[in-house]
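Enquirer: From first to last, the protein sequence lines are chains X and G.
When we follow this note's numbering, the leftmost residue of the first sequence carries the number 1, and every step to the right adds one.
When we follow this note's numbering, the leftmost residue of the second sequence carries the number 1, and every step to the right adds one.
In case anyone wonders, no lab produced these hints; they're calculated from the structure.
Remember, it's a predicted structure, so these values are computed and weren't measured experimentally.
Beta carbons: idealized from backbone N, C-alpha and C, even for Gly.
Hints may contain errors.
To be verified - Simulated DEER-style distance windows between Cβ atoms:
1) A77(G) <-> D81(X): 15 to 23 Å
2) D60(G) <-> D262(X): 54 to 62 Å
3) A77(G) <-> K408(X): 19 to 27 Å
4) A77(G) <-> H473(X): 55 to 63 Å
5) Q5(G) <-> E63(X): 36 to 44 Å
Each chain, letter by letter, is given below.
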Amino acid sequence: MQVATGRSILNGIAIGPLRIYQKKETQTAQTSTLTPAEELERFESARLAAQKQLGGLYDKALEEVGEENAAIFEIHQMMLDDDDYLDAVKNIIETQSATAEYAVTTTGENFSATFAAMDDAYMQARSVDVKDISGRVVNILTGQGDKDLLGEEAAILVADDLTPSETVQLDKSKLLGFITRHGSSNSHTAILARTMNIPALIGVDFNDSWDGKLAVLDGYNHCVYVEPAAELLAAMEEKRKEDLKQEALLQGLKKKPNVTLDGKEIKVYANIGNVGDVGLVLQNDAQGIGLFRSEFIYLDSKDFPSEDAQFAIYKRVAETMAGKKVIIRTLDIGADKQADYFGLDKEENPALGYRAIRICLTRREIFKTQLRAILRASAFGTISIMFPMIISVREVRDAKDVLEECRKELLAQGTAVGEVEIGIMIETPAAVMMAEELAEEVQFFSLGTNDLTQYTLAIDRQNPKLDAFYDPHHPAVLRMIRHAVEAGHRHGCWVGICGELGADATLTETFLRMGVDELSVSPPAVLPLRKVIRGLDLSKPSHKIL
Amino acid sequence: MRSFQYTITDPIGLHARPAGLLVKAIKELDSAVTIAKEGGKSAAGTKLMAIMGLSVKKDDVVTITLEGGNEEANAAALEKFFKENL
Chain X
1 MQVATGRSIL
11 NGIAIGPLRI
21 YQKKETQTAQ
31 TSTLTPAEEL
41 ERFESARLAA
51 QKQLGGLYDK
61 ALEEVGEENA
71 AIFEIHQMML
81 DDDDYLDAVK
91 NIIETQSATA
101 EYAVTTTGEN
111 FSATFAAMDD
121 AYMQARSVDV
131 KDISGRVVNI
141 LTGQGDKDLL
151 GEEAAILVAD
161 DLTPSETVQL
171 DKSKLLGFIT
181 RHGSSNSHTA
191 ILARTMNIPA
201 LIGVDFNDSW
211 DGKLAVLDGY
221 NHCVYVEPAA
231 ELLAAMEEKR
241 KEDLKQEALL
251 QGLKKKPNVT
261 LDGKEIKVYA
271 NIGNVGDVGL
281 VLQNDAQGIG
291 LFRSEFIYLD
301 SKDFPSEDAQ
311 FAIYKRVAET
321 MAGKKVIIRT
331 LDIGADKQAD
341 YFGLDKEENP
351 ALGYRAIRIC
361 LTRREIFKTQ
371 LRAILRASAF
381 GTISIMFPMI
391 ISVREVRDAK
401 DVLEECRKEL
411 LAQGTAVGEV
421 EIGIMIETPA
431 AVMMAEELAE
441 EVQFFSLGTN
451 DLTQYTLAID
461 RQNPKLDAFY
471 DPHHPAVLRM
481 IRHAVEAGHR
491 HGCWVGICGE
501 LGADATLTET
511 FLRMGVDELS
521 VSPPAVLPLR
531 KVIRGLDLSK
541 PSHKIL
Chain G
1 MRSFQYTITD
11 PIGLHARPAG
21 LLVKAIKELD
31 SAVTIAKEGG
41 KSAAGTKLMA
51 IMGLSVKKDD
61 VVTITLEGGN
71 EEANAAALEK
81 FFKENL
């Protein structure tokens, strides 16, 4: 047994024969027997054909891995329109009487070398893209179609490097995993692997004698075992089976509605902390983002994030979600979430202290910067705003006034602003008791069950000694939730749950019976929750009482 | 001639996708556009790979210069583009 290590792109296990893929150096004649004008024409028609292929790949990727990840093929199409690139190819054809193949290969190598020499990891990774588009044009010129990298049998593909288009073209039913010598975790190929859920290792120093041998790719431990010992193989097969069971269950649920056996539907959204999570939201087929914790933008920053910086983030999330609802919770900082530059005082009782909306309403310049950024982004998707830590109607009205002020300022400047739904977090007992009045002010409630539990039970979440007393299923908490749902509905608000209880399968039936309209959970919890919902039958009498 | 400066806020800098969109936007304008990075490197606004080759990162200041055509309106359009995408 041989063991080699690398960097794992995805936690997962692949077991199967290794297949080493060697890119064939296509021998192309350098000097053409045709006239430069004829070669230019060959190049032009191959270039157009390549762009057409890329259009097809974009559509395929869009379907399989989402808009954000498909964009690379649009960029490839644009690279094939690049003036410098085209001029270089034409120049070689004209001055050296070269074949189009030779001119494209040489140009690709030159541009690729330029990118590879940059001191920026992202740009270095682009050198593969240039090689990729050049290879595509050359393949068309030499009459080779897209290569079949995998052969007949399912295998773990081993290669020096894989281009994004090679990765997308691979027949997923035969691709067990892949191992590359080069490549970065930043590369599009790595991102695609992650999104397609294929175990992959990069930076592995393999040797050609591995070809055809049985191997275990262990993504959890960042290594590959070639000709594994029988015991290890058996253990890995067991682990793989577990993973597969889980995966099959979830894949089967994609694109299915969140509906109970007796036909009651509930929305399942996902919670995110930053732009990077959006891929997971789409991958797990959430219907929207029920909680965008905007404070992470502040926590990841060394100083107050500017309006433009925030706008760029909100806009990207809204656009990537393509019209699906994105609920942005305004800054919820303080208590256990601290950023030095806010200059907040140490408090005796931070959970009951100066935090969230209390900071926003007293330091309005911070609040306005965020609200302006959100309003500007609202022109690019479906955005809702949600205010945290509300205890009174006064606070909601004040917050709405600031929002209105921002909207007017933006409109006066001629900046586009979209329709924005307004809601509040219900996470204090005060908000529950005031739910009737609060519902008159807003369009939705979202129950933050973590804080609601802590405040209702008077139990500090941060104190481990209290774990024995902390019971999120306490009837007091569940009655709070029921009260808020009923009060909200009486006044035309929809009501969701975005705290941890939302993903608690033992409460899903209770929430559905209460009439909760939406559950927002971490992206990996979306499909398991869907499974629970689809197994419930509310027409049967419930044994649970509150 | 009209020019303006912009400080990049996108965490990965002027990367492939916005660079692509930028070139697309610039090609629709009737001004000749140049994008320059502090330190002297510059690229024509219609050249995708040259712009990517500037390797513009977060917090870099770029100078965008427009010549000919409706400079004022084009500059405003580009400024808006930078604010929204970068």
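Enquirer: Determine for every hint whether it applies to the structure shown.
Expert: Evaluation of the provided hints:
Judged by the Cβ atoms, the range 15 to 23 Å given for A77(G) and D81(X) holds: they are separated by roughly 21 Å. Between D60(G) and D262(X) the C-beta distance comes to about 58 Å, which sits within the given range of 54 to 62 Å. Checking the proposed 19 to 27 Å range against A77(G) and K408(X) shows it holds: the Cβ atoms sit about 24 Å from each other. About 56 Å separates the C-beta atoms of A77(G) and H473(X), a value consistent with the hinted range of 55 to 63 Å.
Range check, Q5(G) to E63(X): about 41 Å between beta-carbon atoms, so the 36 to 44 Å window is met.
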